[in-house]
Structures are given as C-alpha cells and as structure tokens.
Amino acid sequence: MPHIPLEEHLPGITGLLEYRRDTAEPIRDLTQLLLRGPSSLTEGERELIATVVSNGNKCKFCTAAHTAAADVLLGDTVTAELVKTNISAAPVSEKMKALLVIADKVRESGKLVTPAHIEKAKAEGATDLEIHDTVLIAGLFCLYNKYVDGLDTALPADAGYFNVLADRLKNHGYARLPQGYDHLKKQVSN
Amino acid sequence: MAHIQLDNDLPGIRGLMAYRPEIAEPLNLLAETLLRNDNNTLTRGERELIGTYVSYLNDCFFCQNVHGALAGHYMQCDIGEIENIKQDFRSAEISPKMKTLLSIAESVQKGGKQVTSAQIEATKAEGATDIEIHDTVLIAASFCMFNRYVDGLGTWAPQDKQFYVERAPRRAEEGYQSSVYK
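Protein chains in written order, with the numbering used here: chain A, 1 to 190; chain B, 1 to 182.
Derived from the structure by calculation, the hints contain no laboratory data. Be careful, since some hints might not be right.
[Unchecked claim] Simulated crosslink set (DSS-like; lysine-lysine; CA at most 25 Å straight-line):
| id | chain 1 | residue 1 | chain 2 | residue 2 |
| --- | --- | --- | --- | --- |
| 1 | A | Lys105 | B | Lys113 |
| 2 | B | Lys110 | A | Lys60 |
| 3 | B | Lys110 | A | Lys58 |
| 4 | B | Lys161 | A | Lys111 |
| 5 | A | Lys84 | B | Lys113 |
| 6 | A | Lys60 | B | Lys113 |
| 7 | B | Lys161 | A | Lys84 |
| 8 | B | Lys97 | A | Lys111 |
| 9 | A | Lys111 | A | Lys58 |
| 10 | B | Lys124 | A | Lys105 |
| 11 | B | Lys113 | A | Lys58 |
[Said to hold, decoys possible] Here are the in silico distance ranges between beta carbons for each label pair:
| id | chain 1 | residue 1 | chain 2 | residue 2 | range |
| --- | --- | --- | --- | --- | --- |
| 12 | B | Pro158 | A | Glu18 | 39 to 45 Å |
| 13 | B | Ser117 | A | Ser40 | 42 to 48 Å |
| 14 | A | Ser40 | B | Glu32 | 26 to 32 Å |
| 15 | B | Ser178 | A | Gly160 | 43 to 49 Å |
| 16 | B | Asn37 | A | Val78 | 44 to 50 Å |
| 17 | B | Ala172 | A | Leu155 | 37 to 43 Å |
Each residue gets a CB set at the ideal place from its N, CA and C atoms; glycine is no exception.
Same shape as in the complex, but just chain A (with noise of 0.2 Å):
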C-alpha cells in the first residue's frame, strides 16, 4: 500500500502527478521536452535512455511504462530486453551504447561519469547536445524512479496496463491530457 493515500485507479507515477498537480506540471513539461521534443536522438532512442536507469534503479513501474514505450515506438521488443541485460550486445548504433553507458554512470552517481565516457561518446558521434540530453534523461529518471517506489505506489493489477500506457506516450506524449486518467477510472469500475 502507498505510503500516502493515493487514487487506486492510479498506479506508480500517475497517481503522484495528479496527488500534486502543481509539481507534477513542470515535471510534465520537462519530460515532453526531453522525450518528446526536437533532438537528433530518436523518440525511442531517448525511452531507451529512459528504460535503462529506471532498470538499473529497479523500479518495476518505470522499467515496464518505458520498456513498452520504446516496443512501440522500435517496432520490436528485443532491443530494450538487451539494452537492459547487456547494452554490448544491444542492436542500436555504437553511439547509442556510448550514451548509454554514460546514463547507467549517472544513475549510479553524476561523478561516475570520466572525460573517457565523454571521448567514447564523442568519437562515436555524438554531440555535445546528445550527451546534455543523456545526462539530464538519466538525472530525470532517477527522480522518477526514487519517488514512484519513495512513495511505495501500486503497480498495475493488470500487465496489459503497460500497453495501453505505452500508446499513450506514443500517440499523446507525457502532456496531461484534459480528462487526466478519468477513462481508467472508468475502466476500473466497469
């Protein structure tokens, strides 16, 4: 049980965004722009970002919401399970694995990160903006991570949760929409 009392039609994350609405938006806001807005790094490229700290925090919630994310915007559902067991063996691009291995650093503590990372990541081509971009997902999902499971929130009585979330970040991004998350309550007492 949550360690505050939060709508039970909400699990992990979105009961917390809509407990506080005020911090919740530039949280939301943030993260659109990080994920969702212009970049030279894919959306799924970034959600893989995204699944690799929230894995290597072991938080269930944000591994499962952002796994799926990336399944779908990827088409497949092989290069997040490999991103998340081995990032060597991952099929994205040497940069990705570059930057990848930066954001497992950052998870772990900002100063983990070595002017070695940075000319790994650099000679594979990333830019300067790429590795802003990295760090700061990375930074993101740790204060993700450290509040879903701070607050001790529900997953999902049902794993199909996870699609449904995922196309909603794929189609509508992570902006609230204007009905908030009134169509799972509806689901729910259905």
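Since the structure of chain A is provided, determine the placement of chain B on it from the hints.
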C-alpha cells in the same frame, strides 16, 4: 572544465541552464514550486535543508553550498550550523519532525525502496502530514536529479563557500525563475 562546450563561464547548474534555456524553464518552476512557494506547511528553510542534505549525501559541492546558504539565510543561522546539521542531523537542534523527514530523504537518496513503513509511522507520530511526506520524497528525488545533472556534466563550482553565503539573500528575494543568468 565541463564535459561539453557550454559557451559561457557560469558555474554549476547556471551554466547548464544558459546552455539549454528551454529546459531551464521547467527545472526552475519545479524548484520554485517545491522550495519557495509559501503555500506549504514546511518552511522554506526546512525545504532547503532537505535539498542541502541530499546534495551533501550525493557529494555535489555546488548544490550543497547554494542550498545550504539558502537554508542558513531562511533559518537565520550561521553556515557552520548548517554544516553541523549535514554531518549529524540526529544530534542537531532541529525539530523531531524534521529529523524524521531528513531520515526519509536520506533513504530516498540511497534508493526509493529504502523508505520503510516504520519511517513513515515515525514521521506521522511527530506530526508530519501526508503532503509533507510527499514533498520530502519529491524534494529528495529532485535533488538526486539536479546533483547528477551538475556533476554528470562536470560543471565547475566556486570553491570559496562565502561566495554562496553572499548570494543567498538575493536568490531568496528573487526566486528560482530569475536565476539563470544572474
């Protein structure tokens, strides 16, 4: 030197915010809402103290000094007292409720799953409300992001701690949303 070319010589997160101003906007709004908005039963000083303590645990020099100086400013205490709280908050002269909230922040810094039901019960027994618990967890999580951003990109920080103390009154006055280039 920062890991990427920022094209400015501003320290810490300010150099990053000047580099990517559209990203700075939500970051500053988050800080403003969590730390400075007065529609909150935790004082500004208490909230800055949570940010300071988490930044200390993450060993982020820039953040712990910026926010430590702000905490000292709001709490009207000497920066030495803030240093003592960072090093041993359990023996510090702060409220029992704040001690239980700092203990939760400490757990969040290690990992969200480290927060136990016993810690939540203990803080409620000292009078903490659900929203105060929520805000403590979110402030701690936010500083885990800010600290990683600042150190993960290898930004520089003024080493003289007095620099931060002198800037604090102005930051307290102007808030976070005007912070980027000043």
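Status of the hints after comparison with the structure:
For the given pair, A:Lys105 sits about 20 Å from B:Lys113 by alpha-carbon distance, which is consistent with the 25 Å threshold. Between the alpha carbons of B:Lys110 and A:Lys60 the distance comes to roughly 17 Å, so the proposed pair stays at or under 25 Å and holds. Among the hinted pairs, B:Lys110 with A:Lys58 is consistent with the structure: their alpha-carbon atoms are about 12 Å apart, no more than 25 Å. Between the alpha carbons of B:Lys161 and A:Lys111 the distance comes to roughly 20 Å, so the proposed pair stays at or under 25 Å and holds.
Proximity of A:Lys84 to B:Lys113 is assessed by CA-CA distance (about 20 Å); at most 25 Å being required, the pair is judged to hold. Restraint check for A:Lys60 and B:Lys113: satisfied, since their Cα atoms lie roughly 11 Å apart, inside the 25 Å limit. In summary, the hint linking B:Lys161 to A:Lys84 is not supported, as the alpha carbons are separated by about 41 Å, beyond the 25 Å threshold. For the proposed pair B:Lys97 and A:Lys111, the alpha carbon gap of about 32 Å is over 25 Å, so the pair is violated.
Taking the CA atoms of A:Lys111 and A:Lys58, the gap is near 21 Å; set against the 25 Å cutoff, the hint holds. The hinted pair formed by B:Lys124 and A:Lys105 fails the criterion: a straight-line CA distance of about 35 Å is larger than 25 Å. Of the supplied pair hints, the one linking B:Lys113 and A:Lys58 holds, its CA atoms being roughly 9 Å apart against a limit of 25 Å. The hint said 39 to 45 Å for the Cβ distance between B:Pro158 and A:Glu18, and at roughly 40 Å that hint holds.
Between B:Ser117 and A:Ser40 the beta carbon distance is about 45 Å. The supplied range of 42 to 48 Å therefore holds. One distance hint, 26 to 32 Å for the beta-carbon pair A:Ser40 and B:Glu32, holds here, with the actual separation near 30 Å. As the Cβ distance of B:Ser178 to A:Gly160 is approximately 46 Å, the hint placing it in 43 to 49 Å holds. Judged by the Cβ atoms, the range 44 to 50 Å given for B:Asn37 and A:Val78 holds: they are separated by roughly 45 Å.
With their beta carbons about 41 Å apart, B:Ala172 and A:Leu155 fall inside the hinted range of 37 to 43 Å.
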